[in-house]
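Could you fit the two chains together into a complex? Lean on the hints.
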Amino acid sequence: MEREKSDSQLITEFLAGNEQGFEELVKRYQGYVINIVYSLSGDAEYADDIAQEVFIKVYRNLGSFRQEASFSTWLYRITVNTAYNYLKSRKRYVPLDNIPEIPKVETLPATELEYKEKQEIIKNAIAKLPFKYRTVVALKDIEGLSYEEIAGILNCSIGTVESRLFRARAILKNTLLPMLKKEDTL
Amino acid sequence: MRCRNVKKILNRYADKELNDADAVILIEEHLKSCPYCRAELDALISIKRLISLKERLKEDPCFLFRLEDKLKPQTTEIKLQWVLDTGNFARRLILVPALLTILIMVMVFNSSASLKSTPGGAVEIDIVSEEIDPFVLFSYTLFKN
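Residue numbers (our numbering), protein chains in the order written: chain B, 4 to 189; chain X, 51 to 195.
Isolated chain X (complex conformation) (with noise of 0.2 Å):
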């Protein structure tokens, strides 16, 4: 085998990703004989095992928690996005009917009841309807505060 041919599949040798038996014999036979290719064959063992040596990082005992600290909170992540997410016409959803209610008790309180002062300066109701709302008088309540 010529060294032009050897070298060609040396690395293949080195790594022992030769599945070919005649091409390993071949090769060996040709080692024996030439020192350049042996040469060759021993700076890239030489490189293979200095790699090798590289420092690997230790396992760290805490990774799977950390992990798993960050897989939780997406589930409520998630749900928050999706509110974010869903735009104008969802806050319009929400918010119309809010205001919606607001004029609506606003309406009622104006109609159901009507204001007048006492000479000692507190106002009372004068009250139109035999029946108040409760939530009117507890709307007027809190308005009047």
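The following block holds chain B by itself, in its conformation from the complex (with noise of 0.2 Å):
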């Protein structure tokens, strides 16, 4: 069976000519990114165009990746920046007081619209956060990326996520607080 290729073996692949180095890139990380912009932004409509803004940038940029950090954690860095950007650009947030009602679906099944429900609550939850919480609560504990790595993509010190996840949680417990109780008493 073929070893897999490294990142750096793809990259090095694409920079001398062979493009197949980059679509295994793209195969590789696309989920990684369309989700990580889908936690971000909220937006399903728009995820995958903003992640194929993200896979351009990466194409135009490769040739001065220094590959001081790894490939992902740049790939994530751009990925969070262009989320940041497209969201400043469309101001696009849920208002605190704003939370759109669940419609009611009654041809669904009960345990389907209890799904939805929970999934509408769980999105909109994360969409009222700041944006520099909602960015280490994504990473964390939706792409389960270490302390370390998160730090590496947004720059900053391990302390700081640690404190930004620990508001962001503090923020969520309250919101999530009666789903929490429901699971409880399930």
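What the hints contain is simulated information worked out from the structure, not anything from laboratory work.
C-beta atoms are modelled at their ideal positions from N, C-alpha and C, and glycine is treated no differently.
Fair warning: there could be bad hints in the mix.
To be verified - Between beta-carbon pairs, the in silico distance windows are:
1. X:Glu-79 - B:Gln-70: 40 to 46 Å
2. B:Lys-8 - X:Arg-99: 32 to 38 Å
3. X:Ile-144 - B:Arg-63: 28 to 34 Å
4. X:Lys-122 - B:Glu-71: 28 to 34 Å
5. X:Leu-143 - B:Glu-151: 52 to 58 Å
6. B:Phe-68 - X:Glu-78: 38 to 44 Å
7. X:Ile-152 - B:Arg-63: 40 to 46 Å
8. B:Glu-71 - X:Val-146: 36 to 42 Å
The structure is reproduced here in structure tokens:
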């Protein structure tokens, strides 16, 4: 079985003129990029477009990537910045007092309704967080990255990552507490 | 270990980011006897679990194809953009020789032939020189039409 090539090898191939190196990187990281963007923007419709923009930036700038950090750190940094710029330009956020009502779909089975309700609540809870808190929650609790990796992506200290996570979870605890109580009674 | 100190590192403990083995032992000892910190940890773990349940978007199999389409036209676009960006100087560089050529053609045409009308209304060329430039003749034909 052929051993999977490392990111560095794929980058070297691409810079030598082999486009397949870049294609392989896209296939490898496409899912992560789209979902980070989705977590940060809350917008499934535009997540794909923003992810495309991320990879276009990667394609254009891979030649100047010095590989001081890992490729994934660099890629996720571009992803976070691109999502931030998108949000800034569209001013997309969920105001604190304006959580949309979940429409009742009576034709769906109870478990599916419950699932959809839960997803909406979680999505809105994350969307209400300030961007810097939302970012650490997305990278830690959704993508499962380490404090060190997150610190590298955000170009801050591990202490800052920890502090932001602490504050984000304190806010989320209040927002998600009813759901937590419901889970306890089940 | 006091509750105040435990709360400071409880997030790190819940995230399994506590590298200090001694600190881990101290926290776990504290949690056995402190229901408040235990409840705090349980809430933290529940929130993490809920967040991790957030729906993930599925990978689109056509993502790479659409990306390649967006990357391909760039070389043409860059060239077109370069032409548009080169400005008045470049345009003058192209237009001026073109205008000069047209002017020379008109001058050559005027100097090498004179027109006279025949009684029938046709226009004849009075050939001054024996050799007519075919290009001049062609230009006259076009002009006449």
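Against the structure, the hints:
no. : hint                              : in the structure
1   : X:Glu-79 - B:Gln-70: 40 to 46 Å   : holds, 44 Å
2   : B:Lys-8 - X:Arg-99: 32 to 38 Å    : holds, 35 Å
3   : X:Ile-144 - B:Arg-63: 28 to 34 Å  : holds, 30 Å
4   : X:Lys-122 - B:Glu-71: 28 to 34 Å  : holds, 31 Å
5   : X:Leu-143 - B:Glu-151: 52 to 58 Å : holds, 57 Å
6   : B:Phe-68 - X:Glu-78: 38 to 44 Å   : holds, 43 Å
7   : X:Ile-152 - B:Arg-63: 40 to 46 Å  : holds, 43 Å
8   : B:Glu-71 - X:Val-146: 36 to 42 Å  : violated, 51 Å
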